[in-house]
Amino acid sequence: MRTIAVALAVARKDLTSEWRTRELVPALAQFVVLALVIANFGFQIDSRNAPAIAPGVLWMALVFAGLVAFGRAFAAEREQSSLEAMLMTPASPAAIFAGKALAAALLLVLCEAVLLPALALFFSVPLSFEVVSAVLLATVGMARAEGADTPGIYRDYGDQP
Amino acid sequence: MSVIVGGSLTQRFGSEVGLDDVDIDVDAGEHLAVLGDNGAGKTTLLRILATAARPTSGTLEIFGLNATIERRRLRGVIGFVAHASGLYPALSAAENLEFYCTLQDVDRKRVAEVLELVGLAELAGRPADKLSRGAQQRLAIGRAVLHDPKLLVLDEPDASLDSGGADLLARVMRGRTAVIATHDHALANRLCQRTLVLRRGRVIGVPTRLRVVH
Chain A
1 MRTIAVALAV ARKDLTSEWR TRELVPALAQ FVVLALVIAN FGFQIDSRNA PAIAPGVLWM
61 ALVFAGLVAF GRAFAAEREQ SSLEAMLMTP ASPAAIFAGK ALAAALLLVL CEAVLLPALA
121 LFFSVPLSFE VVSAVLLATV GMARAEGADT PGIYRDYGDQ P
Chain B
162 MSVIVGGSLT QRFGSEVGLD DVDIDVDAGE HLAVLGDNGA GKTTLLRILA TAARPTSGTL
222 EIFGLNATIE RRRLRGVIGF VAHASGLYPA LSAAENLEFY CTLQDVDRKR VAEVLELVGL
282 AELAGRPADK LSRGAQQRLA IGRAVLHDPK LLVLDEPDAS LDSGGADLLA RVMRGRTAVI
342 ATHDHALANR LCQRTLVLRR GRVIGVPTRL RVVH
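As they're listed, the protein sequences go chains A and B. For the first sequence, our numbering assigns the number 1 to the initial residue and increments by one for each residue that follows. For the second sequence, our numbering assigns the number 162 to the initial residue and increments by one for each residue that follows.
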């Protein structure tokens with residue numbers, strides 16, 4: 001229960017900070033729209049090749065946006081030296097990581113709400129339940145992949161040397 | 162009874178020696194000032210005592226626990242003020258403390274008490290980035306005592322504090338064991354019973370017992 005409470009508190013703190021500063025979401029939304037515009041002109045999209053090109057553009061935009069979102073989640077904490085302050089509490093580093101990943105994933109979902117309709121508009125491809133599900137699953141996967149950062153945190157701040 | 166017992170504490174950063182064979186012993190309720198020039202190893206020593214860093218070698222027991230292994234347990238009884246405030250700029254002073262209430266498993270009622278203690282009750286709703294540097298430092302000190310720690314580790318907490326800073330530090334250190342790094346010998350004399358002087362990572366002389374001025 002305490003792990004969940006810590007994770008939710010960390011996520012709420014990140015989302016509140018983002019709501020007040022609006023640093024990340026506008027930048028991510030701008031990035032995904034720009035990626036689509038550039039791809040639209042760069043690949044000379046027409047009705048025949050659009051269905052073949054659209055998935056590649058979608059995943060490229062999504063993965064790069066995800067890298068920025070999840071990378072920024074920890075970078076801001078490091079810049080403010082607040083990551084150490086959090087880790088200097090008895091709270092589990094895993095719970096802290098989970099909260100940060102949850103917040104970053106939710107912010108990425110907001111960007112996907114821009115990305116998917118824009119993709120449908122630029123590439124004239126229909127948005128299906130399967131595509132939306134796959135994108136959401138990929139978001140969860142990227143959040144989990146960010147766990148690659150946690151061994152370093154455990155090494156520096158965890159109990160075992 | 163000793164709260165901190167450290168033996169031959171050494172910290173290396175590659176080929177550089179940050180702390181060299183330092184012994185430290187702090188009794189319960191005692192206030193120890195760590196003095197020294199820039200780069201003497203004060204921050205390195207305090208980060209080890211706060212469990213923010215592991216020594217390269219040496220032994221350290223805090224409250225009878227191995228401080229290099231049982232770090233999370235110890236963090237519940239240690240309050241640490243580091244060089245950087247580590248506050249969340251978009252959150253208000255009260256929100257910063259409320260967030261740490263969850264991490265420290267402390268009742269949120271404690272926030273009002275702590276804001277009063279550090280003299281920020283009237284600025285509770287102001288975002289941290291709109292606070293003066295001194296007020297941010299007061300908030301960082303408040304965060305360090307939020308969970309009512311038995312041991313306080315304060316790394317130059319007087320930096321940016323105004324003339325009331327010494328009184329604030331005296332209030333938060335009262336009834337607790339404390340290790341404080343400072344350049345201010347007058348402050349050390351006022352707040353601490355002993356000093357430990359570092360130079361190039363080594364202890365100079367023997368820890369001195371100060372005349373306590375109340």
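Please note that a few of the clues may not be correct.
Under the rule of at most 20 Å between Cα atoms (straight-line distance), these lysine to any residue pairs were calculated in the SDA-like manner [stated by the list, open to error]:
#1 B:270 with A:9
#2 B:270 with A:81
#3 B:291 with A:116
#4 B:291 with A:82
#5 B:291 with A:2
#6 B:270 with A:80
#7 B:311 with B:267
If you're looking for bench data, these hints aren't it; they were derived computationally from the structure.
Consistency of the hints with the structure:
The hinted pair formed by residue 270 of chain B and residue 9 of chain A meets the criterion: a straight-line CA distance of about 17 Å does not exceed 20 Å. The hinted pair formed by residue 270 of chain B and residue 81 of chain A fails the criterion: a straight-line CA distance of about 26 Å is larger than 20 Å. As the CA atoms of residue 291 of chain B and residue 116 of chain A are separated by approximately 38 Å, the hinted pair breaks the 20 Å bound. For the suggested pair residue 291 of chain B and residue 82 of chain A, the alpha carbons sit about 17 Å apart, so the restraint of at most 20 Å is met.
For the given pair, residue 291 of chain B sits about 32 Å from residue 2 of chain A by alpha-carbon distance, which is inconsistent with the 20 Å threshold. A distance of roughly 26 Å separates the Cα atoms of residue 270 of chain B and residue 80 of chain A; the hinted pair therefore is violated under the 20 Å criterion. Restraint check: the Cα-Cα separation between residue 311 of chain B and residue 267 of chain B comes to about 15 Å, which is no more than 20 Å; the hinted pair holds.
Hints 2, 3, 5 and 6, counting from the list given before, are not met by this structure.
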